[in-house]
Every structure is written in C-alpha cells, then in structure tokens.
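Got chain H; can you put chain G on it based on the hints?
The listed protein sequences correspond, in order, to chains H and G. 135 is the number of the first residue of the first sequence in our numbering; add one for each residue after it. 286 is the number of the first residue of the second sequence in our numbering; add one for each residue after it.
The hints are simulated quantities; they were obtained by calculation from the structure and are not laboratory data. We put the CB at the ideal spot given by N, CA and C, even for glycine. Accuracy of the hints is not assured; some may be wrong.
Stated by the list, open to error - For the chain G half of the interface with chain H, some residues (derived, Cβ under 8 Å), not all of them:
no.: 1; residue: Tyr318
no.: 2; residue: Leu324
no.: 3; residue: Phe330
no.: 4; residue: Tyr333
no.: 5; residue: Gly336
no.: 6; residue: Gly357
no.: 7; residue: Tyr387
no.: 8; residue: Glu389
no.: 9; residue: Gln390
no.: 10; residue: Phe392
no.: 11; residue: Pro394
no.: 12; residue: Gly395
As the list claims (entries may be wrong) - Covered by chain G, according to a simulated footprint, are these stretches of chain H (three or more residues, beta-carbon under 8 Å):
no.: 13; stretch: 177–187
no.: 14; stretch: 238–250
Unchecked claim - Lysine to any residue pairs mimicking SDA-like chemistry, simulated, CA-CA at most 20 Å apart:
no.: 15; chain 1: H; residue 1: Lys203; chain 2: H; residue 2: Lys176
no.: 16; chain 1: H; residue 1: Lys203; chain 2: G; residue 2: Tyr387
no.: 17; chain 1: H; residue 1: Lys176; chain 2: G; residue 2: Thr399
As a plain string of letters, each chain reads:
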Amino acid sequence: ILNVEQSPQSLHVQEGDSTNFTCSFPSSNFYALHWYRWETAKSPEALFVMTLNGDEKKKGRISATLNTKEGYSYLYIKGSQPEDSATYLCAGSGNAGGTSYGKLTFGQGTILTVHP
Amino acid sequence: GAGVSQSPSNKVTEKGKDVELRCDPISGHTALYWYRQSLGQGLEFLIYFQGNSAPDKSGLPSDRFSAERTGGSVSTLTIQRTQQEDSAVYLCASSLGPAGDYNEQFFGPGTRLTVL
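Chain H on its own, in the form it takes in the complex:
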C-alpha cells in the first residue's frame, strides 16, 4: 500500500513570497508522482507527473523536484500571487504488478492562501 503524506496541512503567505511544500512516499514500489492543483469550485488540474529520480519540472512560477531514493518531492512557488491560492495535492502510483499500480493514492493536500 502506498502511503502519501503532505506537509504542511495549510500555509498562509503574503503576495510576492516564495513558498514550498513537501510530499513524502515510500521509496519502494514507487513508480510515478503527480502534483495537482485544486482551486475552490473547480476540478483538480494536473501540474506535473514525474517518475525519474532527480526529475525537475517547471511551469511558469511553479516547479517541482523528485527524490525517489529517499521518497520525497518538493513543490515550489516563486513570487506567490493571490490566484495561486488553492489546495495542492500530490499522489503516487506503484509499480506494475503491485497493488498500487493502476491507481493514484492522494495525500491530504496542502491548502495555500496567498494574501494580497
């Protein structure tokens, strides 16, 4: 079973601050790590999918890194804006043949609030 944990649970920052949060997962039986952004009253939207140790992905002011050997991923937001306020979810899937292969196991999410 893939247990995915996120920290912190919530975060309040001021506009312009840079911030980061953590997703941890068991390094064994891991295949892929997903990050999603879920804004209020909208559907979760994929940010990144990563699978290789050392992967770094970037989309605008948001970037993510992956360390599969130690079982963690960081999501960074540079120069936070109020429109970045959302719940950020990470999710993991397991290797083929394992019980976690076809599905995503989500963490509880980090709720980010960016104050103007």
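Structure of chain G alone, referenced to chain H:
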C-alpha cells in the same frame, strides 16, 4: 475538446434511497477512476476501470457501492440504500492509460451528494 463531465452536479436524497452518478470521460481515454472527498478528508480512491473491466475496486467502502463502465466510455457509480456517511463530493477522472504508466488524470467537476 470536451473534458470529463459528470451528472448530476448536485444530488440530495433521503436515507435509504438508491442513487446513480454518471461520468463521461474524455473520448479515447481508456482508464477511468472514481474518487470521493468527504468533509474534511482528502481524495479517497474508490475504483479504477481499464476499458470496461475494473482491475482495482479495493476502495469501494461497502457492498452498497457498485460501478460499471460500458463501451469503454460512460461509467455509472451506484450507491444503494444510501446512508448519511455517503454524503461527499464524488469525482470522476480519466486518463489515456493507467496511472502507473505516467499518465496524468483529467478530473470532472464532481457530483455533490447529500443524504438527509
């Protein structure tokens, strides 16, 4: 192109009644997922379809819950004899292939189920 759609968007029902929730995935997506989010909880996996078969239904909370998918497309989640603890937002997602194959998931807007 069209995204994932779900119907109804809201459903209020009385305890003990049966409900059906529908999901129309993105055309060509072979994998389809059902999740739910109860108040104050994270996204909880319910069931995963690859084509019309369900390799993993481990998340269905009880035998009152069932789901089917026909024609490799539309899926229906049925909850029999609803209970108040079934109240939640039910989300459907689809992807080109299984989550274990590096495929991001596209989510629908959800169905908010309230059991009185």
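Tested hints:
{"no.": "1", "hint": "Tyr318", "result": "7 Å, holds"}
{"no.": "2", "hint": "Leu324", "result": "13 Å, violated"}
{"no.": "3", "hint": "Phe330", "result": "5 Å, holds"}
{"no.": "4", "hint": "Tyr333", "result": "5 Å, holds"}
{"no.": "5", "hint": "Gly336", "result": "12 Å, violated"}
{"no.": "6", "hint": "Gly357", "result": "15 Å, violated"}
{"no.": "7", "hint": "Tyr387", "result": "5 Å, holds"}
{"no.": "8", "hint": "Glu389", "result": "4 Å, holds"}
{"no.": "9", "hint": "Gln390", "result": "7 Å, holds"}
{"no.": "10", "hint": "Phe392", "result": "4 Å, holds"}
{"no.": "11", "hint": "Pro394", "result": "5 Å, holds"}
{"no.": "12", "hint": "Gly395", "result": "7 Å, holds"}
{"no.": "13", "hint": "177–187", "result": "holds (count 6)"}
{"no.": "14", "hint": "238–250", "result": "holds (count 6)"}
{"no.": "15", "hint": "Lys203/H to Lys176/H", "result": "34 Å, violated"}
{"no.": "16", "hint": "Lys203/H to Tyr387/G", "result": "18 Å, holds"}
{"no.": "17", "hint": "Lys176/H to Thr399/G", "result": "19 Å, holds"}
Comparing the model with each earlier hint shows violations of hints 2, 5, 6, 15; every other hint is respected.
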